[in-house]
Amino acid sequence: MTSLKQTSRPRHRFFVAALLCAVTLSGCRSAYDDLQPTGEQTTCIRKFKPAFRVDWYTTSVDVYGHHISGLLLFKVMPDSAVRVVFTNEVGVTFFDFEFTKNDDFRVHQINSQLDKKIVINLLRKDFELLMMRRLGNKPLPVFRRQNEFFDALPGKRETDYFITDKDCASLLRIEKASKRKKMVEVKLVEETGSAPDSVSLQHFTFDMHIALKKLQR
Amino acid sequence: MRRRNGIRIDFVRILLMTLLSTCFLTSVAQYSGFKPVGDLVGFKKQFATEAKKTQSIKSNFEQEKNLALLQEKIVSQGKFYFKRENRVRIEYLKPFQYLLIMNGDQIVTRDNQKENKVNVKSNKLFQQVNRIMIDCVQGSIVDSKDFTVRVFENDKGWLLEMTPVDKTLKDFFKTIVIHADRKDYSVSSIDMQEPSGDNTLIKFVQKEVNVVVSDDLFKTN
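In the order they appear, the protein sequences are chains A and B.
Here the numbering used here is used: the first residue of the first sequence is 114, the next is one more, and so on.
Here the numbering used here is used: the first residue of the second sequence is 733, the next is one more, and so on.
Don't take each hint at face value.
Simulated pairs of lysine to any residue, SDA-like, Cα-Cα distance not exceeding 20 Å [to be verified]: (1) A:Lys188 to B:Lys899; (2) B:Lys826 to A:Val167; (3) A:Lys327 to B:Ser876; (4) A:Lys188 to B:Lys906; (5) B:Lys805 to A:Arg330; (6) B:Lys899 to A:Phe207; (7) A:Lys326 to B:Lys899; (8) B:Lys899 to A:Asn224; (9) B:Lys906 to B:Ser876; (10) B:Lys846 to A:His322; (11) B:Lys826 to A:Lys214; (12) A:Lys327 to B:Val807; (13) B:Lys826 to A:Asp146; (14) A:Lys188 to B:Pro827; (15) A:Lys326 to B:Leu801; (16) B:Lys805 to A:Pro191; (17) A:Lys214 to B:Leu825; (18) B:Lys805 to A:His322; (19) B:Lys846 to A:Lys295; (20) A:Lys295 to A:Phe319; (21) A:Lys327 to B:Lys899; (22) A:Lys327 to B:Gln925; (23) A:Lys327 to B:Lys902; (24) A:Lys327 to B:Lys805; (25) B:Lys805 to A:Arg166; (26) B:Lys906 to A:Pro191; (27) B:Lys902 to B:Gln925.
Hints were generated in silico from the structure; no laboratory data involved.
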C-alpha cells in the first residue's frame with residue numbers, strides 16, 4: 114500500500130502540475146494572438162463611421178435576464194457634438210448624454226437609479242464604440258486572420274478592432290478587446306455614409322446585449 | 733447585484749409612471765381651466781360619482797414627446813382600453829409597436845423583442861401602483877398622498893395640476909397636468925412635465941365611454 118502511494122504521488126503531482134499549466138497557459142493566451150501583421154496601415158475604415166443626423170431607434174437592452182425597451186435619439190448638434198437621449202415608450206427620459214466635438218463627454222440628465230459612475234462609463238464606452246468616436250485621421254495598423262482584416266486602434270487598456278473584408282468593402286463588425294479577450298462586439302447594418310439601420314452590441318465579460326432598430330418616421 | 737436591483741426598480745418605476753398616466757384617463761371627472769375651483773369638496777364628490785359610472789373606455793391617442801433643449805419631438809399613436817375594475821391596455825402602433833396590459837395583479841409588456849410578465853404582489857412598489865390604480869378607479873386620486881392637487885376650471889372643462897410629493901415621483905415629474913371635458917368628464921389630454929423642461933403630451937381622440945370592450949384584450953397569458 115505504501116509503495117502504491119509512493120508511486121502514485123509523482124503521477125498525481127504531474128497531473129496537477131500539467132492541469133495548472135494548461136489552465137494558466139490557456140488563461141494567459143490572448144484571443145488575438147493569431148492575428149498576423151500585414152505591415153500595412155490604412156484609413157479606409159473611416160468611410161464606415163455612422164453618419165447620424167437626427168435619428169430615432171427602438172431600443173432593447175437585456176441585462177442579466179432583465180429586459181428593458183425604449184427609444185434612443187442620436188442628434189448631431191450645429192457644433193458637431195452628438196447628443197444621445199434614451200426615453201421609454203411612454204416618454205420618460207432616462208438619460209441625455211453629450212459627446213462633444215473635442216471628445217469630451219457630458220451628462221446633461223440621468224435618472225437617479227442610473228446615476229452611477231460604472232453605469233455611465235459603460236454606456237459612454239458602448240456609444241463611443243458604435244459611433245466610432247475614437248477613430249481619428251491617423252492610419253491604423255492592419256492585422257489579418259484568415260479572410261478577415263483587423264484595423265487596430267489601441268487605447269489605454271483596450272484595443273478597438275474594426276474588422277473588414279479583404280478589400281475593405283464592408284465592415285463585418287467592431288470588437289473591443291482587453292489584452293487577452295474580446296469584451297464587446299458591435300455589428301452595424303448600414304449603407305455607407307448613413308446612419309445604421311440596426312445595431313447589435315454584445316458584451317462578453319458580463320451578460321448584456323443592446324439592440325437598436327432605426328425608426329422610419 | 734446592486735445593478736440588477738437597480739434595473740428591476742427602474743423597470744418598476746417605468747411601469748408606475750405608465751400606470752399613473754393611464755389611470756388618470758380612467759378617473760373620469762377631472763378638471764382643466766384657468767380659475768381655481770371654488771367648491772373643491774363638491775368637485776371631489778362629483779369626481780368620485782362620475783368615476784363610478786365609467787365601466788369601460790375605448791380611445792385612440794396621440795403622444796408627443798418634446799425634448800425642449802434639443803428642439804426635437806417624436807410623435808406616436810395608438811389605442812387605449814380600460815375595463816372596470818382594474819384592466820388597462822395601452823397599445824402603441826406607430827411609429828413603433830409596444831403593448832402594456834394591466835390586469836389585476838398581472839402586468840405584461842411586449843415590444844418587438846420580448847414579452848415581460850410581472851406579478852404586482854412580488855414587489856412593494858407594485859403594491860403602491862395597485863393602490864394608486866384603485867384610487868383612480870374609485871375617484872379618490874385627488875386625495876392621494878402621492879400628489880398635491882390643484883383644480884382649475886373654465887366653461888369648457890377642468891384642469892388638474894398634480895404635483896408629486898413622493899421623492900420617487902419627483903425624480904421623474906415636475907407636474908402632471910390633466911385636461912378634462914366639462915360635457916362628459918372624460919380626459920382629453922395628459923401632460924407629463926419633467927424637471928428638465930421636457931414633456932410628454934398625450935391627447936385622447938375618438939373616445940368611447942361604456943362601450944363593449946372584449947375581455948380578450950386584457951389577457952396576460
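Do the hints match the structure? See the list:
1. A:Lys188 to B:Lys899: Answer violated: A:Lys188 to B:Lys899 is near 31 Å, above 20 Å.
2. B:Lys826 to A:Val167: holds (18 Å)
3. A:Lys327 to B:Ser876: Measuring from Cα to Cα gives roughly 40 Å; hence the hint is violated.
4. A:Lys188 to B:Lys906: At roughly 25 Å apart (the allowed maximum being 20 Å), B:Lys906 and A:Lys188 break the hint.
5. B:Lys805 to A:Arg330: OK: B:Lys805 and A:Arg330 at ~12 Å, within 20 Å.
6. B:Lys899 to A:Phe207: With a Cα-Cα distance of about 16 Å, the restraint between B:Lys899 and A:Phe207 holds, given a limit of 20 Å.
7. A:Lys326 to B:Lys899: Given pair A:Lys326, B:Lys899 is violated - Cα atoms ~34 Å apart, limit 20 Å.
8. B:Lys899 to A:Asn224: Holds, at roughly 12 Å.
9. B:Lys906 to B:Ser876: holds (16 Å)
10. B:Lys846 to A:His322: holds (13 Å)
11. B:Lys826 to A:Lys214: Violated. B:Lys826 to A:Lys214 sits at ~34 Å, over the 20 Å cutoff.
12. A:Lys327 to B:Val807: Holds, at roughly 15 Å.
13. B:Lys826 to A:Asp146: Judged against 20 Å, a Cα distance of about 48 Å means the pair is violated.
14. A:Lys188 to B:Pro827: The hint holds at about 18 Å.
15. A:Lys326 to B:Leu801: violated (24 Å)
16. B:Lys805 to A:Pro191: Holds, at roughly 17 Å.
17. A:Lys214 to B:Leu825: violated (37 Å)
18. B:Lys805 to A:His322: Violated, because 27 Å separates the two Cα atoms, which is more than 20 Å.
19. B:Lys846 to A:Lys295: Distance of about 27 Å is beyond 20 Å: violated.
20. A:Lys295 to A:Phe319: Holds, because 11 Å separates the two Cα atoms, which is no more than 20 Å.
21. A:Lys327 to B:Lys899: violated (34 Å)
22. A:Lys327 to B:Gln925: Violated, at about 26 Å.
23. A:Lys327 to B:Lys902: violated (31 Å)
24. A:Lys327 to B:Lys805: Distance of about 16 Å is within 20 Å: holds.
25. B:Lys805 to A:Arg166: holds (14 Å)
26. B:Lys906 to A:Pro191: violated (29 Å)
27. B:Lys902 to B:Gln925: holds (11 Å)
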